[in-house]
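S.K.: Take a look at the letters that make up each chain.
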Amino acid sequence: MSRPGSKKFAASHWMERLVPVVLVILVIGLAVSILIVLLS
Amino acid sequence: MHYISILSTIVSLTFAAAVFRRYRQRGGLHLLFWTIGLVLYGLGTLTEVIMLFTFNELALKIWYLSGAMLTAAWLGQGSVNLLVRKGGIARALNISLLIVSLVALLLIFFAPVTSAAASFNPGDPVSSQYKEILVRSGFITFLTIILNLYGTVTLVGGAIYSAFLFWRKKVLLNRMLGNILIAAGALMPAIGGSFLKAGLPDWLYLSEFLGAIVMYIGFVQATVPQSVQAAAVVSPGD
Numbered sequence: 001m002s003r004p005g006s007k008k009f010a011a012s013h014w015m016e017r018l019v020p021v022v023l024v025i026l027v028i029g030l031a032v033s034i035l036i037v038l039l040s
Numbered sequence: 041m042h043y044i045s046i047l048s049t050i051v052s053l054t055f056a057a058a059v060f061r062r063y064r065q066r067g068g069l070h071l072l073f074w075t076i077g078l079v080l081y082g083l084g085t086l087t088e089v090i091m092l093f094t095f096n097e098l099a100l101k102i103w104y105l106s107g108a109m110l111t112a113a114w115l116g117q118g119s120v121n122l123l124v125r126k127g128g129i130a131r132a133l134n135i136s137l138l139i140v141s142l143v144a145l146l147l148i149f150f151a152p153v154t155s156a157a158a159s160f161n162p163g164d165p166v167s168s169q170y171k172e173i174l175v176r177s178g179f180i181t182f183l184t185i186i187l188n189l190y191g192t193v194t195l196v197g198g199a200i201y202s203a204f205l206f207w208r209k210k211v212l213l214n215r216m217l218g219n220i221l222i223a224a225g226a227l228m229p230a231i232g233g234s235f236l237k238a239g240l241p242d243w244l245y246l247s248e249f250l251g252a253i254v255m256y257i258g259f260v261q262a263t264v265p266q267s268v269q270a271a272a273v274v275s276p277g278d
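The listed protein sequences derive, respectively, from chains A and B. All residue numbers for the first sequence refer to this note's numbering, where the first residue is 1 and numbers rise by one. All residue numbers for the second sequence refer to this note's numbering, where the first residue is 41 and numbers rise by one.
No wet-lab data here; the hints were simulated from the structure. Where hints are given, some of them may not hold.
Said to hold, decoys possible - Derived DSSO-like pairs: lysine-lysine, alpha-carbon spacing no greater than 27 Å straight-line: (1) B:K210 / B:K101; (2) A:K8 / B:K101; (3) B:K210 / A:K8; (4) B:K101 / B:K209; (5) B:K171 / B:K101; (6) B:K171 / A:K7; (7) B:K101 / A:K7.
Predicted model, so just to flag it, every value in this text is computed and none were measured.
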């Protein structure tokens, strides 16, 4: 984890796994919302 | 559930005031565009509140113009000003958005309203009734789609891109988390539009409220003061 006030942070084990998954979910969400706009 | 628009209005206008305060302290066109986008967000939910009580043609038009057409695009333009380093491109897009917004304003304010307005039911969400009341030309629909596409891609895409940069460089954890929340919050009302098609218009209002809350938390998270700043990295916390 990051130290308060530090620029760099060291990701914990769970964060290493979770953040990429969250980013992929967001990209999928973006694609879905684009489809919704196009199909509306 | 559509009384939740009252809370959405309070949250979005408070959020707008916070962003504007930061703009006055630090400058930056991106903060000004976000402020305008959030005021439009608040205008959209405020006019929803007005039409909980009575039908008003002007309120309907402001609701459509701000909520359906301009909010996403102006918020996204803030991200463009933050992320696009070539000033000429950002400036050209700023001017284009301004012109398109003025065209949209004229088109909506001169758009006729049908006799269905007389049978408007304040008990039902405006989002489930406006199509029968407001006459929208093909060009208005086209502009609505283009503005929403542009806004969604730039706002959500920009926040995801920023979060990814912070993650890859492993810097500024608070800004990475803030950008993830901003992207998630912005997606909520965008996807909430599909609830309309599913016959659940009330859920659109819930998504607007949650979207405003989550984006606000993301903004606060991204702007937490840090003793060491990464000048080389851009983010909505700037």
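S.K.: Now, for every hint given, state plainly whether the structure supports it.
M.R.: Comparing the hints with the structure gives:
For the proposed pair B:K210 and B:K101, the alpha carbon gap of about 46 Å is over 27 Å, so the pair is violated. Of the pairs offered as hints, the one joining A:K8 and B:K101 is violated, with about 48 Å between alpha carbons and a cut-off of 27 Å exceeded. In summary, the hint linking B:K210 to A:K8 is supported, as the alpha carbons are separated by about 6 Å, within the 27 Å threshold. For the given pair, B:K101 sits about 45 Å from B:K209 by alpha-carbon distance, which is inconsistent with the 27 Å threshold.
Taking the CA atoms of B:K171 and B:K101, the gap is near 12 Å; set against the 27 Å cutoff, the hint holds. As the CA atoms of B:K171 and A:K7 are separated by approximately 50 Å, the hinted pair breaks the 27 Å bound. Of the pairs offered as hints, the one joining B:K101 and A:K7 is violated, with about 47 Å between alpha carbons and a cut-off of 27 Å exceeded.
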